[in-house]
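A.B. asks: Sequence:
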Amino acid sequence: MMKMTLSIMISMIIATILGVYGQGMAYFMTDYAVDINPVYYLTGFTVISLLLYVVSFILASLLMKNKSISDWKVSGALLAISIIAVPISMFSFFVTAMWWG
5 MMKMTLSIMI SMIIATILGV YGQGMAYFMT DYAVDINPVY YLTGFTVISL
55 LLYVVSFILA SLLMKNKSIS DWKVSGALLA ISIIAVPISM FSFFVTAMWW
105 G
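Each number in this note's numbering comes from the position in the sequence shown (counting from 1) with 4 added on.
In short, the hints are calculated from the structure, not lab data. Careful: at least some of the hints might be erroneous.
Okay, derived cross-link-like pairs now, DSS-like style, lysine-lysine, Cα gap no bigger than 25 Å in a straight line [what the hints assert, rightly or not]:
1. Lys7 - Lys71
2. Lys69 - Lys7
3. Lys77 - Lys7
Simulated DEER-style distance windows between Cβ atoms [what the hints assert, rightly or not]:
4. Ser79 - Val51: 26 to 32 Å
5. Tyr36 - Trp104: 35 to 41 Å
6. Asp35 - Val90: 29 to 35 Å
7. Val38 - Ala84: 44 to 50 Å
8. Ile17 - Leu66: 35 to 41 Å
9. Tyr36 - Leu66: 23 to 29 Å
10. Lys77 - Gly48: 16 to 22 Å
11. Lys77 - Ile18: 20 to 26 Å
12. Leu83 - Met6: 43 to 49 Å
13. Lys7 - Tyr44: 32 to 38 Å
14. Ser72 - Asp39: 45 to 51 Å
15. Asp35 - Met68: 20 to 26 Å
16. Tyr31 - Gly80: 34 to 40 Å
Here a beta-carbon is modelled for each residue, glycine too, at the ideal position from N, C-alpha and C.
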């Protein structure tokens with residue numbers, strides 16, 4: 005179960021980085037990778053960020069169902085995921101919507 009816990013933490017970190025720094029990374033990718041409109045990169049980063057948050061939530065729910073870790077630790081993890089994921093997802097979705105006009 006340590007692998008699942010590590011997977012949750014890594015996916016949360018990556019999702020947070022993509023959600024917060026997606027704009028800068030979109031400009032970077034446009035400059036140094038395929039030269040397309042950065043809004044497409046930002047949209048991709050936002051979707052990946054949202055999916056990683058959902059995966060983290062599902063993995064934490066599986067930990068709770070398997071009873072491999074105490075319920076209060078998993079409940080704390082689910083609360084932390086919710087506290088982090090909701091505002092960052094709302095921010096990245098808002099920024100992406102503004103970029104699309």
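A.B. asks: Out of the numbered hints, which ones does the structure contradict?
C.D. replies: As far as the earlier hints go, 5, 7, 8, 9, 10, 12 and 15 are violated by this structure, in ascending order.
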